[in-house]
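K.L.:
In this note's numbering, the protein residues as written are 1 to 109.
Calculated directly from the structure, the hints in this document are not laboratory data. For glycine and all other residues, C-beta sits at the position ideal for the given N, C-alpha and C. Please note: incorrect hints may appear among the correct ones.
Stated by the list, open to error - Okay, derived cross-link-like pairs now, BS3-like style, lysine-lysine, Cα gap no bigger than 30 Å in a straight line:
#, residue 1, residue 2
1, K96, K31
2, K55, K31
3, K55, K96
Claimed, not checked - Okay, the calculated beta carbon distance ranges per label pair:
#, residue 1, residue 2, range
4, G99, G29, 17 to 25 Å
5, D26, R61, 22 to 30 Å
6, Q73, E19, 16 to 24 Å
7, C58, K31, 16 to 24 Å
8, A27, I69, 34 to 42 Å
9, V28, E100, 17 to 25 Å
10, E19, I98, 19 to 27 Å
11, L88, K31, 30 to 38 Å
12, P33, E100, 12 to 20 Å
13, G13, S80, 31 to 39 Å
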Amino acid sequence: IYVSNHGGRQVDGSISSFEALPPIVDAVGGKVPVILDSGVRGGADAFKALALGAKAVCIGRPYVYGLAIAGQQGVSEVISNFMTEFELTMALAGCKNIGEITAEMVTKI
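I would like the entire structure built from these sequences, with the hints used as guidance.
P.N.:
Set out below in structure tokens:
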């Protein structure tokens, strides 16, 4: 299942993909992988999505920004920065691997 709000940002009162994620993960009860496909701009966002139950995340807009600014090198920089931020977030949370990321590591505000 892909959790996405492509285009939904124009709808007043719509919830974010991050808000929609936990109830969907709960509803499928681990029987179907859930992938988050909206709102992931950096490694910390990917960490949050995994903590909320996503099995994977998709990123698109950051790649496009990198491509527009510096072509292939820009995309490479985006990927490098994304992974650096993700690894730093994992380390700050005390996680040695993705399997150690849990919902208790994020707080709803």
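K.L.:
Are the hints correct? Go through all of them and say.
P.N.:
Status of the hints after comparison with the structure:
| no. | hint | in the structure |
| --- | --- | --- |
| 1 | K96 <-> K31 | holds (26 Å) |
| 2 | K55 <-> K31 | holds (12 Å) |
| 3 | K55 <-> K96 | holds (17 Å) |
| 4 | G99 <-> G29: 17 to 25 Å | holds (18 Å) |
| 5 | D26 <-> R61: 22 to 30 Å | holds (28 Å) |
| 6 | Q73 <-> E19: 16 to 24 Å | violated (35 Å) |
| 7 | C58 <-> K31: 16 to 24 Å | holds (21 Å) |
| 8 | A27 <-> I69: 34 to 42 Å | holds (39 Å) |
| 9 | V28 <-> E100: 17 to 25 Å | holds (22 Å) |
| 10 | E19 <-> I98: 19 to 27 Å | holds (22 Å) |
| 11 | L88 <-> K31: 30 to 38 Å | holds (33 Å) |
| 12 | P33 <-> E100: 12 to 20 Å | holds (19 Å) |
| 13 | G13 <-> S80: 31 to 39 Å | holds (37 Å) |
Checked against the numbered hints above, the structure breaks only hint 6 and satisfies the rest.
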